[in-house]
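**Student:** Let the hints inform the model, and build the full structure from the sequences given.
Below are the chains, spelled out letter by letter.
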Amino acid sequence: MVESSGSSPQGSGWSRPKRASQPPARLVGAASGRGMNCRAEVLEVSVEGRQVEEALLAVLHTVLLHRSTGKFHYKKEGTYSIGTVGTQDIDCDFIDFTYVRVSSEELDRALRKVVGEFKDALRNSGGDGLGQMSLEFYQKKKSRWPFSDECIPWEVWTVKVHVVALATEQERQICREKVGEKLCEKVINIVEVMNRHEYLPKMPTQSEVDNVFDTGLRDVQPYLYKISFQITDALGTSVTTTMRRLIKDTLAL
Amino acid sequence: MDADLSSQDRKDLDKFIKFFALKTVQVIVQARLGEKICTRSSSSPTGSDWFNLAIKDIPEVTHEAKKALAGQLPAVGRSMCVEISLKTSEGDSMELEIWCLEMNEKCDKEIKVSYTVYNRLSLLLKSLLAITRVTPAYRLSRKQGREYVILYRIYFGEVQLNGLGEGFQTVRVGTVGTPVGTVTLSCAYRVNLAFMSARQFERTPPIMGIVIDHFVDRPYPSSSPMHPCNYRTAGEDAGVAYPSVEDSQEVCTTSFSTSPPSQCVFTVSKAHFQTPTPVVTDTLRVPVAGLAFSHQLASSRLSYQPTLLGVGSAELAHPVVFAAGSGAAHPHQLMVPGKEGGVPLAPSQPAHGTQADHEKMATCTPSDGAHYIVTPSSSEDPETVSNSSEGRGSPHDILEAILVRKVGALVNDSVDQVTMTNLDIPFAMFAPKNFELEDNDPMVNPPDSPDTDSPLQGSLHSDGSSGGGGGNAHDDFVMVDFKPAFSKDDILPMDLGTFYREFQNPPQLSSLSIDIGAQSMAEDLDSLPEKLAVHEKNVKEFDAFVETLQ
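Sequence lines, in order, name chains A and B.
Residue 27 in my numbering sits at position 27 of the first sequence, with consecutive numbering throughout.
Residue 17 in my numbering sits at position 17 of the second sequence, with consecutive numbering throughout.
Since the hints were derived computationally from the structure, they do not count as laboratory data.
Every residue gets a Cβ at the ideal spot worked out from N, C-alpha and C, and that includes glycine.
Check the hints yourself; a few may be wrong.
What the hints assert, rightly or not - Below, in silico cross-link-like pairs of lysine-lysine (DSS-like), each with a Cα-Cα straight-line distance of 25 angstroms or less:
{"#": "1", "chain 1": "B", "residue 1": "K109", "chain 2": "A", "residue 2": "K202"}
{"#": "2", "chain 1": "A", "residue 1": "K75", "chain 2": "B", "residue 2": "K112"}
{"#": "3", "chain 1": "B", "residue 1": "K56", "chain 2": "B", "residue 2": "K67"}
{"#": "4", "chain 1": "B", "residue 1": "K15", "chain 2": "B", "residue 2": "K106"}
{"#": "5", "chain 1": "B", "residue 1": "K112", "chain 2": "A", "residue 2": "K202"}
{"#": "6", "chain 1": "B", "residue 1": "K66", "chain 2": "B", "residue 2": "K18"}
{"#": "7", "chain 1": "B", "residue 1": "K36", "chain 2": "A", "residue 2": "K178"}
{"#": "8", "chain 1": "B", "residue 1": "K66", "chain 2": "B", "residue 2": "K15"}
{"#": "9", "chain 1": "B", "residue 1": "K143", "chain 2": "A", "residue 2": "K178"}
{"#": "10", "chain 1": "B", "residue 1": "K112", "chain 2": "A", "residue 2": "K76"}
What the hints assert, rightly or not - Residues on chain A that point at chain B, a partial pick, calculated with CB under 8 angstroms:
{"#": "11", "residue": "K71"}
{"#": "12", "residue": "Y99"}
{"#": "13", "residue": "C184"}
**Tutor:** Following this line, the structure appears as structure tokens:
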């Protein structure tokens with residue numbers, strides 16, 4: 001319930017490293033930060049074991065709410081129209097918190113899957129209960145043969161999770177409220193970043209749309225993203241080689 | 001400045017800002033309804049979803065917003081504000097948040113209106129969706145119901161933050177630069193909720209006279225009224241159809257171009273079409289089932305303050321809907337069988353001429369009350385009264401919950417009295433001679449000023465008179481008329497006072513009366529040996545009986 005003191009000056013677990021050198025995700029063929037600025041934002045949460053999933057889902061969905069649009073429908077003359085994005089309120093069971101996510105079952109399923117894997121990895125690692133998950137938005141850049149496409153990230157969100165074990169029911173009740181308040185702060189932080197209106201990929205032509213957006217979902221269209229995670233020890237180095245990634249292609253399977 | 005902006009762009013921009021303002025209000029009010037909001041994504045654009053977001057339009061809210069804006073747009077010094085406040089069942093109210101949509105002078109000339117501005121406004125709405133769930137008022141609004149309700153008020157002009165108490169916090173939702181200025185959306189929210197919890201347990205008898213800026217009982221106040229954050233869908237049209245489409249419902253069919261911006265095709269066409277969204281009925285049409293105590297308040301006012309008839313009912317009518325059910329009760333279940341007080345949509349609010357003013361006094365106008373419940377005209381008063389009488393029967397439990405608190409005040413008094421009277425008979429303190437108690441008892445002799453009648457008092461007395469018998473001022477057991485919790489009338493069809501008096505002195509048991517006893521005693525003694533002989537004969541039977549017991 002008490003947030004682990006991060007290295008951030010504000011003390012709210014909000015830090016913004018200047019370079020994109022720290023994202024833990026190892027990208028295949030990627031040149032992180034090369035050629036364009038990649039924003040990197042880090043959020044830290046301290047939660048109880050059963051709150052891990054909901055806290056992560058809340059953060060990921062809030063980010064994806066801002067980074068999803070309606071489905072594009074291209075028409076003649078290079079114009080396109082955009083579908084409608086619905087939203088829904090989700091109450092957390094183990095945290096006094098409600099978050100808004102886009103109304104897309106597919107997207108929710110994909111996030112739940114990876115968050116579930118993260119939670120299992122945390123539990124099985126037997127470590128200190130430290131781990132981090134990264135949500136990375138990237139663009140694909142076609143390369144000439146024989147080189148494979150490059151994935152160039154333009155925004156990376158990292159959530160550092162610290163799992164605490166609580167002894168009494170009263171502590172757990174306090175934790176519910178405290179984590180709820182912390183998540184409120186995180187949402188405000190996320191919105192602040194979104195509001196800066198910094199780099200966003202240009203709206204693509206029809207042929208390029210799959211290099212910018214994930215067009216595989218039925219009802220919404222988020223920017224291309226990948227989620228990866230790792231379990232860390234107190235120094236932040238990876239202790240396991242467990243790493244999963246969700247790339248657009250594997251999602252289609 | 002405007003020369004740089006084409007007229008088409010200018011028109012589009014104005015339209016965007018206008019609809020952005022309307023959607024902002026919708027998002028904020030819907031977030032305070034106390035329910036979870038869920039809308040569906042649709043991959044094919046319907047053309048009516050502004051900013052590519054599925055945000056329902058509650059007609060009443062749109063109506064209020066348009067009324068507040070009165071055809072203007074937010075500009076420098078003219079902000080659109082949505083004020084969220086809380087009103088308790090006792091009539092105390094407190095401002096919780098003020099959401100402000102402001103415009104400042106900082107222009108961004110380079111930006112593309114129909115493309116970048118539009119998308120950024122869409123992003124800002126998403127941020128608003130997220131932030132409205134995160135301020136403290138959200139959790140309060142989810143729990144609204146019997147004890148308190150959440151109200152909203154829209155005004156246009158200068159932002160007034162005085163009502164938020166000390167140390168209020170602000171959160172900025174976002175900004176969007178446009179060629180004519182920068183749109184800023186922010187929220188100021190109260191953090192000091194201590195006032196609330198202290199208030200709830202205060203036992204000051206008259207509630208009027210405390211505060212309450214918003215609900216001053218004036219017949220023709222000048223600024224916009226508070227509205228409850230609630231709406232009901234009407235299966236049958238209950239008569240109040242808000243003009244949701246009387247002015248052109250702008251259809252927003254946006255087409256974007258991926259090629260160089262000069263080729264941007266943006267079509268916005270006007271279309272009149274029937275909004276399939278539910279018609280908001282008059283939310284203040286009080287449901288018969290589960291009628292709230294606050295409707296009881298309305299009825300009490302009616303009985304005590306005939307001069308303020310219309311106002312009273314109008315004023316108190318707003319939050320009624322909520323108190324009507326538990327927080328979780330779905331409003332749809334409380335649907336009124338549509339016939340009560342055919343509420344006419346007050347086409348013009350005569351006294352309500354001045355638009356939402358800078359004055360902080362937000363009160364309910366009876367004409368606006370008329371808008372929602374009944375106009376203060378004689379023809380409709382009987383209906384209101386009948387509404388209240390219908391409702392009176394039901395919410396005893398709510399009334400009781402409140403009344404239980406009041407008992408304490410009287411109990412203290414009577415304890416003092418006990419020491420002074422002799423304690424020969426039980427319930428001596430309730431003996432008829434004890435007139436001192438009632439004279440001091442404020443409940444028995446209500447204070448004379450009609451304005452300061454506690455609504456509870458009013459309702460109690462009205463209940464007492466209908467309870468029969470012990471309800472008048474000279475009854476010893478006035479507090480008994482309050483129908484303490486869990487007491488039922490049907491078990492004992494007399495009130496408690498009468499019961500006490502009747503059974504205070506029960507007749508003596510015959511076996512204990514001395515004269516009869518004295519006579520039979522001698523006989524009993526004489527007959528003892530005979531009885532013993534009989535019993536000895538039956539010894540075997542007795543033994544067998546004892547065996548069976550073991």
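**Student:** Taking 25 angstroms as the top limit, are the C-alpha atoms of B:K56 and B:K67 close enough?
**Tutor:** holds, 19 angstroms
**Student:** Should the hint that A:C184 touches chain B count as held when the rule is a Cβ pair under 8 angstroms?
**Tutor:** holds, 4 angstroms
**Student:** Please verify that hint: A:K71, Cβ, nearest Cβ of chain B, below 8 angstroms or not.
**Tutor:** holds, 4 angstroms
**Student:** Would the pair B:K66 and B:K18 pass a check requiring their Cα atoms to be no farther apart than 25 angstroms?
**Tutor:** holds, 9 angstroms
**Student:** Does B:K109 pair with A:K202 here, judged by a C-alpha cut-off of 25 angstroms?
**Tutor:** It holds: about 19 angstroms lies between the C-alpha atoms, which stays within 25 angstroms.
**Student:** Given A:Y99 as an interface hint, is its Cβ closer than 8 angstroms to any Cβ of chain B?
**Tutor:** holds, 6 angstroms
**Student:** Can you confirm whether the C-alpha distance between B:K66 and B:K15 stays at or below 25 angstroms?
**Tutor:** holds, 13 angstroms
**Student:** Taking 25 angstroms as the top limit, are the C-alpha atoms of B:K36 and A:K178 close enough?
**Tutor:** holds, 22 angstroms
**Student:** For a C-alpha distance cap of 25 angstroms, please report whether B:K143 and A:K178 respect it.
**Tutor:** holds, 19 angstroms
**Student:** Compare the distance between the alpha carbons of A:K75 and B:K112 with 25 angstroms, and conclude whether the hinted pair is satisfied.
**Tutor:** Distance of about 21 angstroms is within 25 angstroms: holds.
**Student:** Checking one constraint from the list: CA of B:K112 to CA of A:K76, max 25 angstroms. Satisfied?
**Tutor:** holds, 22 angstroms
**Student:** Hint check: B:K112 vs A:K202, CA-CA at most 25 angstroms. Holds or violated?
**Tutor:** At roughly 13 angstroms apart (the allowed maximum being 25 angstroms), A:K202 and B:K112 satisfy the hint.
Checked against the numbered hints given earlier, the structure satisfies every one of them.
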